[in-house]
Amino acid sequence: MSIQEVPQGRLRSPFYSRLQALDTLNTWHEWKGYSSADALYCAETEYFAIRNATGVFDLTPMTKYRISGPDALDYLDRLVTRDMQKIKPGRVAYAVWCDDQGQVIDDGTIFHLREGEYRLCSQERHFAWLTAAAIGFDVSVVVETAEVAALAVQGPTSFTVLSSMGLEGLATLKPFGLRHFEFAGTELMVSRTGYTGDLGYEVWIAAEKAELLWDALFAAGQLHGIRAIGTHALDLARIEAGYLAAFEDFLPADTTVRTGRSRSPFELGLDWLVDFKKPNFNGRKALAEEKRNGSTWRLVKLDIEGNKPAHHAYIYAKEKRNKKEIGFITSAAWSPVCKQNVALGTVRMPHGKTGDTVWVEIFYQREMHWTRVMAKAVVVDKPFWFPPRRSLTPPDPY
Amino acid sequence: MKTYDAIVIGAGHNGLANAAFLAKAGLDVVCVEKNEYIGGATVSRNLYDDWIYSNCSYVCSLLRPEIYRSLELHRHGLQVTPYGGSLTFMQNGDYYGGYHDPEVKYREMARHSRHDADAYERFSADTMRQCRLVRDFLLKTPPDPTSFKLRDLRELALLGGKFLEMGEDRMYETIRFWTMSVAEYLDEYFENDVVKTSLSGSGIIGTALGVHSPGTAYVLLHHYMGDVDGNVGTWGFARGGMGAVANAIAGAFQAYGGELRTGAGVEKIVVKNGRVKGVALENGEEIDARVVVSNMDVKRTFLKCMDQSDLPKAFHDRVSNFKIRGSSGKVNIALDGLPTFPSLPKGSSLYHSDMHFIDSMERMERAYDDWKDGTWSKDPYIDMLIPTLIDPTMAPTGKHMMSCFVQYCPLQIEGRAWTDTERQAFGQTVVDQIANYSPDFKDLILHMEIRTPQDIENEIGITEGNIFHGELTMDQLMFNRPVPGYAQYRAPVAGLYMCGSSTHPGGGVMAAPGANAAREILFDLKRKNTVPENFGDD
Numbered sequence: 008m009s010i011q012e013v014p015q016g017r018l019r020s021p022f023y024s025r026l027q028a029l030d031t032l033n034t035w036h037e038w039k040g041y042s043s044a045d046a047l048y049c050a051e052t053e054y055f056a057i058r059n060a061t062g063v064f065d066l067t068p069m070t071k072y073r074i075s076g077p078d079a080l081d082y083l084d085r086l087v088t089r090d091m092q093k094i095k096p097g098r099v100a101y102a103v104w105c106d107d108q109g110q111v112i113d114d115g116t117i118f119h120l121r122e123g124e125y126r127l128c129s130q131e132r133h134f135a136w137l138t139a140a141a142i143g144f145d146v147s148v149v150v151e152t153a154e155v156a157a158l159a160v161q162g163p164t165s166f167t168v169l170s171s172m173g174l175e176g177l178a179t180l181k182p183f184g185l186r187h188f189e190f191a192g193t194e195l196m197v198s199r200t201g202y203t204g205d206l207g208y209e210v211w212i213a214a215e216k217a218e219l220l221w222d223a224l225f226a227a228g229q230l231h232g233i234r235a236i237g238t239h240a241l242d243l244a245r246i247e248a249g250y251l252a253a254f255e256d257f258l259p260a261d262t263t264v265r266t267g268r269s270r271s272p273f274e275l276g277l278d279w280l281v282d283f284k285k286p287n288f289n290g291r292k293a294l295a296e297e298k299r300n301g302s303t304w305r306l307v308k309l310d311i312e313g314n315k316p317a318h319h320a321y322i323y324a325k326e327k328r329n330k331k332e333i334g335f336i337t338s339a340a341w342s343p344v345c346k347q348n349v350a351l352g353t354v355r356m357p358h359g360k361t362g363d364t365v366w367v368e369i370f371y372q373r374e375m376h377w378t379r380v381m382a383k384a385v386v387v388d389k390p391f392w393f394p395p396r397r398s399l400t401p402p403d404p405y
Numbered sequence: 002m003k004t005y006d007a008i009v010i011g012a013g014h015n016g017l018a019n020a021a022f023l024a025k026a027g028l029d030v031v032c033v034e035k036n037e038y039i040g041g042a043t044v045s046r047n048l049y050d051d052w053i054y055s056n057c058s059y060v061c062s063l064l065r066p067e068i069y070r071s072l073e074l075h076r077h078g079l080q081v082t083p084y085g086g087s088l089t090f091m092q093n094g095d096y097y098g099g100y101h102d103p104e105v106k107y108r109e110m111a112r113h114s115r116h117d118a119d120a121y122e123r124f125s126a127d128t129m130r131q132c133r134l135v136r137d138f139l140l141k142t143p144p145d146p147t148s149f150k151l152r153d154l155r156e157l158a159l160l161g162g163k164f165l166e167m168g169e170d171r172m173y174e175t176i177r178f179w180t181m182s183v184a185e186y187l188d189e190y191f192e193n194d195v196v197k198t199s200l201s202g203s204g205i206i207g208t209a210l211g212v213h214s215p216g217t218a219y220v221l222l223h224h225y226m227g228d229v230d231g232n233v234g235t236w237g238f239a240r241g242g243m244g245a246v247a248n249a250i251a252g253a254f255q256a257y258g259g260e261l262r263t264g265a266g267v268e269k270i271v272v273k274n275g276r277v278k279g280v281a282l283e284n285g286e287e288i289d290a291r292v293v294v295s296n297m298d299v300k301r302t303f304l305k306c307m308d309q310s311d312l313p314k315a316f317h318d319r320v321s322n323f324k325i326r327g328s329s330g331k332v333n334i335a336l337d338g339l340p341t342f343p344s345l346p347k348g349s350s351l352y353h354s355d356m357h358f359i360d361s362m363e364r365m366e367r368a369y370d371d372w373k374d375g376t377w378s379k380d381p382y383i384d385m386l387i388p389t390l391i392d393p394t395m396a397p398t399g400k401h402m403m404s405c406f407v408q409y410c411p412l413q414i415e416g417r418a419w420t421d422t423e424r425q426a427f428g429q430t431v432v433d434q435i436a437n438y439s440p441d442f443k444d445l446i447l448h449m450e451i452r453t454p455q456d457i458e459n460e461i462g463i464t465e466g467n468i469f470h471g472e473l474t475m476d477q478l479m480f481n482r483p484v485p486g487y488a489q490y491r492a493p494v495a496g497l498y499m500c501g502s503s504t505h506p507g508g509g510v511m512a513a514p515g516a517n518a519a520r521e522i523l524f525d526l527k528r529k530n531t532v533p534e535n536f537g538d539d
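Sequences listed follow chains A and B, in order.
Offset between the first sequence (1-based) and my numbering: plus 7.
Offset between the second sequence (1-based) and my numbering: plus 1.
Rather than coming from a laboratory, the hints here were simulated on the basis of the structure.
Glycine included, C-beta positions come from ideal geometry on N, C-alpha and C.
Fair warning: there could be bad hints in the mix.
Stated by the list, open to error - Quick list of the computed label-pair ranges, beta carbon to beta carbon:
| id | chain 1 | residue 1 | chain 2 | residue 2 | range |
| --- | --- | --- | --- | --- | --- |
| 1 | A | E296 | B | G94 | 32 to 42 angstroms |
| 2 | A | E312 | B | N535 | 40 to 50 angstroms |
| 3 | B | T147 | A | P286 | 22 to 32 angstroms |
| 4 | B | G348 | A | R355 | 31 to 41 angstroms |
| 5 | A | K284 | B | R177 | 27 to 37 angstroms |
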């Protein structure tokens, strides 16, 4: 008898049956081995579901680790650059973790589920790093990517949708808070987190209850504009919110081959996540040195004139292109909600201070022919989209 | 009597590449080959019925694309098709598949070790970083670190620059990497024995070293730094067998007006007044030339085909001590049909991969112990492929050809020549190990060619049958290859050059030594260079 081969094609999320039933486009891509929809009916409509009603995104392929044990907190404090002591049970922290050179391996969210028990979520897979970092700690790190199904429920009516599902007490849940509910005989975890910069939640449940959750959610959301969405819509929303994407706006340090292609937290504008008051964390020495000597790169949010998205564009200090470029765009979009041409980019220090003017070389194609424009851009420090409803507690109904 | 511009001794892929670039520059070149067929160890032979055997080298990845393109090898019939994946059969009935698709590979690795699956990305990045350091220098003459010539200084500065550019931590890493064993290197990333074992094979292929011997991490790199169409690390089949490589280069050579003579073994390289004069063939004929280029390994060139009195003493001693040890054998098998492997799921893509039948680092090292004891490995590391699954030209339809590269296999048995009984027993060891995982395999065997290092030396001429023309250890690489002070393809006799794999960057069917030597010869002759530049890794 032969041992069965591992699946040779893309894996299906526990929500696959529901996504497939709604899917009209049949355009999927791979996300960490799973099939993930680019869009289900129309990326634009799906995007407006996020900004106008409720968009539901299947984030099950997100890598999830359960971290527990007596030293769980100390372990995480050592692992990530920010102070985890401040993250009490029922709270969620955005965090980055670095290698010994102070270069970002990945960013992710850490959910303090209950005393001494955490969930760490990231786009990339880091079991080797997480177990190596656990040496000397009484801590258990367990991969639970496939066991935990998760949905992002994002948009102005998301609070109403989830409340209609019968989740009592959600009104008092603040941004970056989490709460456990009873659902279908199991535990449903709801966190007020997301990747859209809007009012929104993420819901987490055992994979075998995934379809029940989906059905209840969509039944509750029917009158509140709920829509399943794909990656294109989510990506547009995250650029408006100024959130980083691994392999777009930075590369996980352990995957880089060429020197200087990784980034430190400072170079990603994440200074606020680095807490030197902690005596020891991975990368501390290198980061302290960088703090003293200055960084090489700076991540910038750019408000670009005109309406041509600056995909893959070079950034220059001056309009005349006779000088060497100072950086390049990593994510770009026309923002439908801000009616603004926005982008994230990386530029060499000392360029890119807030308020600086830079120039972006944009190529665009119309009817086969290419046109080049030099567009003026201003470095801004706030997210492009940051509505008050995002943090209003209790949230408005819509 | 006619005096050629150049005589190239040996029509292996390097000799032919060298000859082709010289002929392309307009030189009058003759390439002489002792066998009746060309290719040396890059050869396809029809040894049984309609079966074609790649009976020495068997897969292609390192052949420099710059040379391929420059000599227009596609016009001369060469096609290289990538094959996917690798497979290790385990003694417990399981298997470990190194699938071609990265996500499937990940899943399979995670089935054996989640940790290792996640560590693979860092391993790949770190290994690729070392590859990039080396790849830029494959089509370059190694700079002499003691020279003050402008081009040596420039190349040294380039090498130093690339090294410094890596940054402090990666420089430490690099120095460690170049000296450590493949087992130690893999231990830094992986925990699972079969995962490590499957990756370790590349560290010892063709090498008289074990997985725990220092220097084998580099050998792994040597097998990783090739590419097929820019996919670094990928290996492929030359359509029609490895002879297609030599035939295509020979086609280019002849198209440039070169002359090819087979059955013309060289007895002696003739030196007169401290300068090379030509060669004396075994049949007594003498051929004169201004330049003689040897594609033979350095030991054969200088210790067998020259008057020792023509060589500087120090050079002679270094060549005598050059490590070129017989460590690998080859078993090529004509099959009546495709053997089945019951532990593999039906229809698995792994049937198309290179297969291995040794599943622990312990067994890998034990295989080496046998070699040190002066015999072949009783539980060998076999790199087995069935090229007919991809290449339709190698056997009659429905029939198959199997190539088994076998590590380890010594030049001699306990210090004396192999007997025929021992040769048969060696072949049987290989057959038995495969048959452990394929019950119908033995019944399908129609013909088998068993080659020990001694057989390879006798037929091809490579000293001890060492596939790389000399060990790929730090003391014999870059400006130390073949010997310090003589790494720039020039022999200590005026007009005599080396272009075989004993020179930088070593063996593996790259054709880079042949091309690099041609560049130096054309430089000395003040001819226009025809050898292409590195494409360069972006």
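For each hint, the structure was consulted:
Under the hint 32 to 42 angstroms, the C-beta atoms of E296(A) and G94(B), about 53 angstroms apart, miss the expected range. For the pair E312(A) and N535(B), the beta carbons lie near 42 angstroms from each other, so the given range of 40 to 50 angstroms is met. The beta-carbon spacing between T147(B) and P286(A), approximately 50 angstroms, falls outside the hinted interval of 22 to 32 angstroms. For G348(B) and R355(A), the hinted distance range of 31 to 41 angstroms is not satisfied, since their beta carbons lie about 53 angstroms from each other.
The hinted window of 27 to 37 angstroms between K284(A) and R177(B) holds, with their beta carbons roughly 35 angstroms apart.
The structure shown violates the earlier hints numbered 1, 3 and 4.
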